[in-house]
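Trainee: Protein sequence lines, in the order shown, are assigned to chains Y and U.
Mind the numbering: the first sequence is residues 274 to 574 in the numbering used here, read in order.
Mind the numbering: the second sequence is residues 1100 to 1441 in the numbering used here, read in order.
It is worth saying that the hints were derived from the structure and are not from the lab.
There's no promise every hint is true.
Said to hold, decoys possible - List of simulated lysine-lysine pairs, DSS-like, C-alpha gap at most 30 angstroms:
#1 Y:Lys-491 x U:Lys-1210
#2 Y:Lys-388 x Y:Lys-370
#3 Y:Lys-429 x Y:Lys-491
#4 U:Lys-1345 x Y:Lys-389
#5 U:Lys-1149 x Y:Lys-424
#6 U:Lys-1402 x Y:Lys-528
#7 Y:Lys-491 x Y:Lys-533
#8 Y:Lys-429 x Y:Lys-316
#9 Y:Lys-389 x Y:Lys-315
#10 Y:Lys-429 x U:Lys-1186
#11 U:Lys-1357 x Y:Lys-316
#12 U:Lys-1402 x U:Lys-1387
#13 U:Lys-1387 x Y:Lys-487
#14 Y:Lys-570 x Y:Lys-533
#15 Y:Lys-487 x U:Lys-1345
#16 U:Lys-1364 x U:Lys-1345
#17 U:Lys-1149 x Y:Lys-443
#18 Y:Lys-388 x U:Lys-1357
#19 U:Lys-1303 x Y:Lys-491
#20 U:Lys-1172 x Y:Lys-389
#21 Y:Lys-429 x U:Lys-1402
To be verified - Computed list of chain Y residues with no C-beta within reach of chain U, every gap over 12 angstroms:
#22 Tyr-412
#23 Val-551
#24 Pro-567
Said to hold, decoys possible - From chain Y, some residues computed to sit far from chain U (all C-beta separations above 10 angstroms):
#25 Ala-306
#26 Ala-318
#27 Lys-370
Beta carbons are placed, not taken as given, at the ideal position from N, Cα and C, and that holds for glycine.
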Amino acid sequence: MLSQTLKYAYFPGCVAQGACRELYQSTQALTQALGIELIELKKAACCGSGTFKEDSQLLEDTVNARNIALAEELNLPLLTHCSTCQGVIGHVDERLKECQKQDPAYLEQVNGLLKKDGCLPYRGSTEIQHLLYALVKDYGLEEIQQRVTHKLSGLKCAAFYGCYLLRAQKYMPYDDPYNPQAMENLFQAVGATPIYYRGRTQCCGWPLASYATKQSFKMAGMHIQDALDSGADCMVTPCPLCHLNLDSRQPEVEKVIERKLGLPVLHLPQLIALALGVNPKQLGLDRHIVSTRPVLKKLGL
Amino acid sequence: MQVLFKIIRQTKNSPHQVQTYLLETEPGNTILDCLNRIKWEQDGSLAFRKNCRNTICGSCAMRINGRSALACKENVGSEVERLQIQKNAGSQLDPIPEIIVAPMGNMPVIKDLVVDMSSFWNNLEAVEPYVSTDARQVPEREFLQTPEERSQLNQTGNCIMCGACYSECNAREVNPDFVGPHALAKAYRMVADSRDTDAERLEKYNQDTAGVWGCTRCLYCNSVCPMDVAPLDQITKIKQEILADKNVPDSRPIRHRKVLVELVKQGGWIDERAFALQVTSDYFRDLKGLLSIVPLGLRMLTKGKFPLSFEHSEGTIEVRSLIESVQQQRGQGSGVRGQGLE
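Turn these sequences into a full structure, and let the hints guide you.
Mentor: Take a look at the structure:
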C-alpha cells in the first residue's frame, strides 16, 4: 500500500470541460478508484495551448505563472491531464525557475503584473505533473497492477503521446522523449498489449485543423493507418487535443486519405479505469465519435 | 565496450535493408568515429557524408537511435546512457547495446546515409535569406549596428544547415509547400536584422501554409537542433511580428490566434463552440467555412459530445485584467521591427 494519500492541485483545462467532458469524468472516476485526491483549481485559466506565446512570451508566462501560483498556494503539485497543458505550463515553470537565477528582472516583471491585478506571485515552489507520470512515477505501476480487477488481456493498445508532453520541456527524467515507455508500461500493468509504431511520438495535426484541414487530416490519417496496420484495437492518448483530431475528425480524415479507418481512440484514464472495474458508462465511452463498442466487446464488457 | 551498429542501407529507388556491424568501442568515440572505422576496417562500400568532425560543417546529420543528430556530436557513451533510461523505464534490451543509424527523413535517399537535399536548399532560397538589396547598395560609410542589434542575430546565426530539423519536421512531411524550420529560422534572422529594408518580408512569410502558418508546432525542430537555434521559437517570433501588425488582413490562421486570446479574456477557459464558429466562419461572414464545420457539430450532437453549456472560470475577471495589463505593457515596446525604426 502507498504510505500516504497522493494529493494534487488539478488543472482541468478547456477541452476536458468542453468537447471532451468524458476525459474530465474519467479522470474523476480513475482518481477516486485509486484513492488519489484532487483539488480542482476553479480559478485557473486556459494555458494558451502554445498560442499565447505567438502573441507574446510575456502573455504565456504571466497567465501560466498565475496558474502555477494557484497550486503553490495549496502547497501541492499541479496535475494536468492534457499533453499540451503539461508542455506549456511545465515549460513556463522551467523557464521561470531558470529566471530566478539568471534573469530576476524578468521574473519581477511577471510578478509585478500579477500583483497589480491582485494575483499571488509566482514562487517556483511546486512541480507540474501529467497524470501519466503521476500514475507511473508517484503512484507506481505495481500499486496499479494490484488494483486491477478486470485485466485487459488481449487488447492491443497503440499509445499516442502528444508533442508537448515529449518535447516542450527540457528535462524528462523518466522517459527518453524519442522512445518513451510510460504509456506502454501502463498498458502492460493493466494486462493490455502495447503496439509500437512510428506515429506514437508524432504530431496529430490538431494545430492546423482550423485552417489547413487537408494537411492536418493527412497527418492524423497516416498515424491511425500505421496503428491499424500494426494490429491495434484502439489508440490511447493522454492528450484531449490529439483526441479531437484523431476521434472527432476521423470521418473527415477517412475522406482525405480515402480509407475506412474506424479505430477507437480512448483517453488514458478511461483505459486504466476500465481495468479497475469502473463502469464504461461512467467513463463516457458512449460519447465518442468512433464507437468504442469493439473495445468493450473484446474485453467482454 | 562492444556495440552492435545496425545501419539502414539503401540504393536509389530500392527497398532498404539492415546491415549489422560489431565494433569494439570506447564511450568517448563519436558515432562518426565508429562509422569511419566500419568503412575503413569492415566495409568500404558504406556511404555517408562527413567533413569537419567537429560540429561546425553540418555534413554528418543522420538518424541515430530514432532522432536526427550529428554523428560527430553524439558518442557511444551518451547513446548507451539513453538506452539505459529506456531500460530503466521498462524496455526489453539486448545485452550488447545496439545503435541504429538511418538516413534523414523528408528527403529521398541517394545511397545509404546520403540523402538528396535539393528541396532543403530550394526552400531556403525561397525565403530570400539575404539582407535586402537596398541595404547592400554601398553607402558612403559602413552600416553601423549596435551590439544590441547584432545580438538579435546570434541564435539564428548559429545554424549550420545540417538538416536535422527538416528531417524530423512533421508539417513538411504532409505539405511539400511548407518551406521548413531551417528556412524560417533564417527568415527570422532577416526580419531581426536592422539593416534589412525589405518591407514585404513579413507578407511573404504570412502566405498560406508555405510560411509560418504551415508549422504544426510539433516541436521536433527545437528538440533535435544540435546548435540550439530553436527554429520553432524563431517561427513564433515571426508570428508575433505578423500578429502585431494591424495592417495585416485577418486570415483564418490569424483569427485562430486572436479569437483564442479574446475568448480567454471573456471566460477564462475557451468556449470551444464560440472558437470553432468565430475562427472558421469569420463571425458568419464566411459561409463556406461555416458549412465546413456543420458536419462536425452535428456528429458531436448525435453522440452527446457537443458541449451544451459553458462554465466561466471563477478567476475570469482577474485573468482578463491580467491579459489587458500584458497587452498594454507590450503596446509600449513592440516587436523588433518597431524598435528598429525608433
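Trainee: For every hint, state whether the structure bears it out.
Mentor: Hint by hint, here is what the structure shows:
no. : hint                    : result
1   : Y:Lys-491 x U:Lys-1210  : holds (28 angstroms)
2   : Y:Lys-388 x Y:Lys-370   : holds (18 angstroms)
3   : Y:Lys-429 x Y:Lys-491   : holds (24 angstroms)
4   : U:Lys-1345 x Y:Lys-389  : holds (28 angstroms)
5   : U:Lys-1149 x Y:Lys-424  : violated (52 angstroms)
6   : U:Lys-1402 x Y:Lys-528  : holds (20 angstroms)
7   : Y:Lys-491 x Y:Lys-533   : holds (13 angstroms)
8   : Y:Lys-429 x Y:Lys-316   : violated (39 angstroms)
9   : Y:Lys-389 x Y:Lys-315   : holds (21 angstroms)
10  : Y:Lys-429 x U:Lys-1186  : holds (22 angstroms)
11  : U:Lys-1357 x Y:Lys-316  : holds (22 angstroms)
12  : U:Lys-1402 x U:Lys-1387 : holds (24 angstroms)
13  : U:Lys-1387 x Y:Lys-487  : holds (15 angstroms)
14  : Y:Lys-570 x Y:Lys-533   : holds (20 angstroms)
15  : Y:Lys-487 x U:Lys-1345  : holds (29 angstroms)
16  : U:Lys-1364 x U:Lys-1345 : holds (20 angstroms)
17  : U:Lys-1149 x Y:Lys-443  : holds (29 angstroms)
18  : Y:Lys-388 x U:Lys-1357  : holds (26 angstroms)
19  : U:Lys-1303 x Y:Lys-491  : holds (25 angstroms)
20  : U:Lys-1172 x Y:Lys-389  : violated (47 angstroms)
21  : Y:Lys-429 x U:Lys-1402  : holds (25 angstroms)
22  : Tyr-412                 : holds (15 angstroms)
23  : Val-551                 : holds (19 angstroms)
24  : Pro-567                 : holds (16 angstroms)
25  : Ala-306                 : holds (23 angstroms)
26  : Ala-318                 : violated (4 angstroms)
27  : Lys-370                 : holds (18 angstroms)
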